[in-house]
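Trainee: Residues per chain, in single letters:
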Amino acid sequence: MTDKSSDLIQGTLDMLILKTLALEPMHGYGIAVRLEQMSKGVFRLNAGSLFVAFQRLQRAGLITSEWKATENSRRAKYYSLTAPGRKKLNSETREWGRQVAAIARILEAS
Amino acid sequence: MSFLRSLSTGLRSLFRKNQVTQELDEELNSYLDMAAAEKIKRGMSREEALRSVRLEQGSREVTQEVVRAASWESIVETCWQDLHFAARMLRKSPGFTSVAILTLALGIGASTSIFSVVDAVLLRPLPYPNPTQIMRVWEQAPDGHRMNLADPNFDDFVAQNNTFASLAAYGYGLSSVSGGSEPARVNIAVVSTGFFKALGVEPFLGRAFAPDEQRLHGTPAVIVSYSYWQKYLGGADDLSHSHLSMEGGAYQVVGVMPRGFDFPPDVAAWIPRELDSETPSRTAHNWRGFGRLRDGVTVAQARANLGAIARRIREQYGKEVDLADAAVVPLADATVGDVHTALLTLAAGVGLLLLVACANVAGLLLARTSSRLKELAVRAALGAGRGRLIRQFLAESFALSFAGGLLGILIAIWAVKIMPAILPANLPRQKDIAINPSVLLFGLAAIVAVAVSLGLFTAWRAGNGDFHETLRAGSRTHTSTAGSQRFRGFLVIGEIAITLVILVGAGLLGRSFVRLISTNPGFRQENLITVEFSLPSSQGNLDANQSAIARQVHLMDELLARLAAIPGAETVGLSGALPVAAGDNLADGGFLILNGQKSPTNFEEWDRIAQNPSQVGQALYCVAGAGYFRTLGIPLIHGRLFGEQDDLNSPNVAVISQSLARQQWPNQDPVGQIINFGNMDGNLKPLTIVGVVGDVRAQGLDRPASSIIYVNYRQRGMNGNSSPTIVMRSAAPPAEILFAARSIFRDLAPDAPVKFSTFAQEMGGWLADRRFLLLLVGLFAAVALALATVGIYGVVAFSVARRTQEIGIRMSLGAPRSNILRLVLGEGARMAALGVLIGIAASLAITRLISTLLFGITATDPLTFAGVAALLSAAALLASYIPARRATRVDPLVALRYE
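As they're listed, the protein sequences go chains A and B.
Oh and the first sequence: position 68 is 68 in my numbering, straight run, nothing missing.
Adding 1000 to a residue's 1-based position in the second sequence gives its number in my numbering.
These are calculated hints, taken from the structure and not from any lab test.
Take these hints with a grain of salt, some might be off.
Stated by the list, open to error - No farther apart than 27 Å at their CA atoms in a straight line, the calculated lysine-lysine pairs in the DSS-like style are these:
| id | chain 1 | residue 1 | chain 2 | residue 2 |
| --- | --- | --- | --- | --- |
| 1 | A | 68 | B | 1197 |
| 2 | A | 77 | B | 1017 |
| 3 | B | 1231 | B | 1017 |
| 4 | A | 87 | A | 68 |
| 5 | B | 1017 | B | 1197 |
| 6 | B | 1598 | B | 1685 |
| 7 | B | 1231 | B | 1417 |
| 8 | B | 1039 | B | 1017 |
| 9 | A | 68 | A | 19 |
| 10 | A | 88 | A | 40 |
| 11 | A | 77 | B | 1041 |
| 12 | A | 87 | A | 77 |
| 13 | A | 68 | B | 1755 |
| 14 | A | 88 | A | 77 |
| 15 | B | 1755 | B | 1319 |
| 16 | A | 87 | A | 19 |
| 17 | A | 68 | B | 1039 |
| 18 | A | 40 | B | 1598 |
| 19 | B | 1231 | B | 1755 |
| 20 | A | 77 | B | 1039 |
| 21 | A | 40 | B | 1092 |
| 22 | A | 40 | A | 77 |
| 23 | B | 1319 | B | 1685 |
| 24 | B | 1417 | A | 19 |
| 25 | A | 77 | A | 19 |
| 26 | B | 1755 | B | 1431 |
| 27 | A | 88 | A | 19 |
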C-alpha cells in the first residue's frame, strides 16, 4: 500500500521534515501543518506517510522524540533534530541545490 | 551505527510489541485529535470534523498497518506468523507430519553421522603443525611397487636430499614391556632422529631424545604415550625413577608425548633406532619413511629429488638394490589409503538415501497440496496474494525440515556415540570422530537444502494450479489433481531408480561377502582356540644363538605339552602367525635355491648368489611345529612333516606349500632341494625341503593361496619376524579350555602378555570392515526400499481414491473384478518397470566405482542385478496390490454417489 496522496519527489520528504524541525522541536501534526502552509497547500501529507518517515528518521538517529504537553495542554510526541540530523540537513540542502540548478540548466537548454 | 540502532529498535519493538503499538496508537490519536480540533476551531461541528479528518487521513487501522509494515521487523513477524500457521496446519494432520518428519530425520541423521566419519577420516587435517608438509616416503621398485626403506638407502636419502627439512624412519610392532605397574603387550615404535621434528610435536613432559641416546650402544631411553604414562606409570610428574624393560634392555623413560598424539597408531612407546646396529643390506626394507618438506617445496619437487638419489644408488650398487625410484605421497592420503573407496561408497549411499527420503516427503507434500486445493482457492478468493500462499508452503516445508533435521541431528549424536562399537578397527583416525562444529554445519546445510528444495518444489506445484478454476469446479472434477498425480508418479519412478542403485550396491557387497566367507582358507576353521603371546626373550634376532633357541624350545615344548593335556583339547600346534586373520604379520622375502652350490656362510656371499635370478624364489616365512599342521588340518601332500629327529643338532628342514612347489619346481620333486632363507631370521644354516603341504590363504581370504616356507621352531626358534601363536582344536566350550590355558601360562611364563581368543573371533575382526560396510549399505538399502514401497503405495492408493467413481461406473457396466485389479496393478507396475529400467542403467554406470571392494564377482554381476530388480518389482506390486484389492471391493452404488 503505497502513499498516493503526496506528489513529493521520492526522498524529499525526509529533507523537508528535517528542515521543519531545524527551527524548533515540533509534534507530528505541527509538522504536517507547517509543511502544508510553507508549500502553500501543494504538499498535503497524511499521517501514514509522515509516521513512516518519523520512524525511519528516528532509527537513522537524525531526530529524537519525547512526550510533552502542547500549548493546549494535550500530550503529544515532540520531535527534535539531533546533531547528525542537522549535518544531514545541511548536506542534503546543498545537494538539492546543486541538482535543481543542474536540472534547470538542462531544461533551459532545450 | 544507524544499522545497529535500527536493529536494536526493531528488536525492541518485536519483543515489546504491545508497548510500541500503544505508543504509536497514542501518537496517532493525538495527531488526529489535533487535526479535528483545528477543524472545529474553523467552525465545523465535532462530528463533521471527525468525519473530515477520517476522509483526509484514511482509516486509523490502515495508517497503523502502513507504519508498522514499513519497518523490517514486520517481515520477521509475518514469517513468524506463517511458521506458526504452518505448525498449526501440520499439527492438524499428525499422521502426515510424523511420517514426513521421521523420514527426513532418518535421511538427515544418517547423512550427518556418515559425514562425521568422512570428516574425521578424510577431510580434517592431521593434528600436526602444517600437516600438508608431511610426506610418506617409499623406495619404488622398477614395476612401480612401493617398498619400505632399507637402512643404507634411508641414510643416503637423508644425507643427499635438499627438499626435506627432516626425513625420518620408523618401524613398530607388538612387544612386551614391563617395569610399569604390570607387564603389558603393547606396540613399540623404533624411530630415527628427526621423527618428532618431522611431525612437529614434542613431549609435553620430560624431553626429547638426547644425542647420547641416539647413537650406537648409547644410553637406552624411551618416550611413552600419554595413555601408557597414565595407565602404567601412574601419571607421575617425576620420570627419573621410571625404567622399562623391553627389547632385552632397560630403558630410562625420558619423556611423555601429549595426549592425542597417536603416530604410528596405538603406539605406547618410542625408542631410538640408532641404539642398534644397522642392517647393511640395501634390500632389507625394514623402515617406514616419512618427512617434512622444506617451506615452499612441492610434492613433485621432493619426489624428483628423492627419485634422483634412488637412481644414483641403483647406478652405484647395480644388482645389490631393487629400488629404481622413490615415491612421495602426502601423509594424510597415505594414511587413508584403502578405506577411501569404502567411505566414499558409504557417503554416496547415504546421499542417495537422503534423496529418496526427500522424494518421499515431496510426494507426501504434493498429495497434501492437491487435497488442500480448495482451502487454497478459498484463501485466494478472500484476498490472500499468491506470494503469501507460496510463502505459506515455504513455511510448512521449513517447519517440517527443521523438525526432521533437528531430530536427525539428535540421531547423529546418538549414532556417533555408539559408532566405536561397530567401526572396523583398521579404520584410521576413528578416534577423531565426533559431532563438532563442521559436522553440525553440514547437518544444518543439509536441513536448509532440504527445506528450500522441498519448499520451492511444493510452491511451484501449488502455484501451477488455477485456484479460481478449482473453486468453480467444485469437488466433482479433479483436473488440477491429475497433473500433480502424474508428477507424483515421476517422483516415485525416481525413488525406485535410486533405490535400485542402493540395492544393487548392497547386493554386490553382500554377495562378495558371502563368497569371501565361504572361501576355503585351506584348513578347518571350526572349534579353533588361538593364543597369541610374546616372550621377552623372543625379541630381536636370535641369529644362531643355540642356547637361546634351546631355552625357548624348552619353554614352548612344555607349554604345548601341558596345553595338550587339558581335558577336551584335541590337538595343539604352534606357529609364527595366525593365518588369514593375522596374515599381514607373515614376513615376505626372497630365498636362495642352492642347486648343489655351497650354502653361504655370510651375507656378502648370500647377496652374491642372489644376483642370479634363477636361484632366487619369493615366499612367506613362517615358523611352525608339526602340531600346527595337524591342528589346522593342513594336509600333507608329499614327503613328511617335522619330526622328533629334527632338533637343534640335525640338518635344518623346511616344509613348503603346494603353490610354491608348483611355481618353483614344476614337474620336479621339491623334496630334497636345499634352500637358504637366512635373510629372514639371521640364521644362515641351509634348509632341506622334506615335505609339501596343502595351500593356505594365509594373507587373507581375498588373496590367492600363499607361497609359504615353514621352518621348524625347534631348529630356528621364534624370532623377531614371528608373533608366536598357539592354535588348539577342541570341541569343548572355549571358556573351559581358556581357563585352564590361562593358569598354565601363569605358571610357565608369568611375565608374558597373552591374548586368548578363538579363530572365529579373530576372523570376525578381519572381516569387520567389510561387514561394517555391508551392514550400513544394507541398512540404507532396506530403508530406501521401505520408503520407495510407501511411495508407490501412496500414489496408487490416492489414484484409487480419485478414481473410485470411475471404478464404480466400470463395475456397474459389467467390468469383472480381475479387470479392475489389472487396471490398478498396471499403474504400479508401469512405475516400477520404468524406475527399475532407469535404475539398472544408472547402476551399470555407477557400480564400476566400487569394483575394488568386490570379491569374486564383477561390478555388473547379472545375478545381483536380476535379483534386485525382481525384489524391487515384487515390493512395488505388493504395494499396489493392497489398494488394488480395495478397488475391487468397491460397491458400485456407493461409488457412484462418492464425492
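Trainee: Each hint should be assessed against the structure and marked as holding or not.
Mentor: The hints, checked one at a time:
Restraint check for residue 68/A and residue 1197/B: the C-alpha separation of about 75 Å exceeds 27 Å, so the hint is violated. Taken as a hint, the residue 77/A and residue 1017/B pair is honoured in the structure, with Cα atoms around 19 Å apart against an allowance of 27 Å. The hinted pair formed by residue 1231/B and residue 1017/B fails the criterion: a straight-line CA distance of about 60 Å is larger than 27 Å. With a CA separation close to 25 Å, the supplied pair residue 87/A and residue 68/A stays within the 27 Å bound.
With a C-alpha separation of about 63 Å, the suggested pairing of residue 1017/B with residue 1197/B is violated against the 27 Å cut-off. A distance of roughly 11 Å separates the Cα atoms of residue 1598/B and residue 1685/B; the hinted pair therefore holds under the 27 Å criterion. Proposed proximity of residue 1231/B and residue 1417/B is supported: the alpha carbons are some 24 Å apart, at most 27 Å. For the hint pairing residue 1039/B with residue 1017/B, the CA-to-CA distance comes to about 33 Å; that exceeds 27 Å, so the pair is violated.
For the suggested pair residue 68/A and residue 19/A, the alpha carbons sit about 21 Å apart, so the restraint of at most 27 Å is met. In summary, the hint linking residue 88/A to residue 40/A is supported, as the alpha carbons are separated by about 25 Å, within the 27 Å threshold. At roughly 22 Å between alpha-carbon atoms, residue 77/A and residue 1041/B fall within 27 Å of each other, so this suggested pair holds. A distance of roughly 23 Å separates the Cα atoms of residue 87/A and residue 77/A; the hinted pair therefore holds under the 27 Å criterion.
Pair hint residue 68/A plus residue 1755/B does not hold up; C-alpha atoms about 89 Å apart against a cutoff of 27 Å. At roughly 22 Å between alpha-carbon atoms, residue 88/A and residue 77/A fall within 27 Å of each other, so this suggested pair holds. A C-alpha spacing of about 43 Å is found between residue 1755/B and residue 1319/B, which places the hinted pair above 27 Å, so the restraint is violated. About 11 Å separates the Cα atoms of residue 87/A and residue 19/A, which keeps this hinted pair within 27 Å; it holds.
Of the supplied pair hints, the one linking residue 68/A and residue 1039/B holds, its CA atoms being roughly 23 Å apart against a limit of 27 Å. With a C-alpha separation of about 127 Å, the suggested pairing of residue 40/A with residue 1598/B is violated against the 27 Å cut-off. The straight-line distance between the Cα atoms of residue 1231/B and residue 1755/B is roughly 19 Å, inside the 27 Å bound, and the hint therefore holds. At most 27 Å may separate the alpha-carbon atoms for a hinted pair to count; residue 77/A and residue 1039/B meet this at roughly 21 Å.
This hinted pair does not check out: residue 40/A and residue 1092/B have alpha carbons roughly 59 Å apart, beyond 27 Å. For the suggested pair residue 40/A and residue 77/A, the alpha carbons sit about 25 Å apart, so the restraint of at most 27 Å is met. Annotation: proposed proximity of residue 1319/B to residue 1685/B holds, straight-line Cα distance about 24 Å (limit 27 Å). Annotation: proposed proximity of residue 1417/B to residue 19/A is violated, straight-line Cα distance about 67 Å (limit 27 Å).
In summary, the hint linking residue 77/A to residue 19/A is supported, as the alpha carbons are separated by about 18 Å, within the 27 Å threshold. A threshold of 27 Å between alpha carbons decides the hint, and for residue 1755/B with residue 1431/B the separation of about 23 Å falls inside it, so the pair holds. Only pairs whose Cα atoms come within 27 Å are accepted, and residue 88/A paired with residue 19/A is accepted, the gap being roughly 10 Å.
Hint check: violations occur at hints 1, 3, 5, 8, 13, 15, 18, 21, 24; the rest are consistent with the structure.
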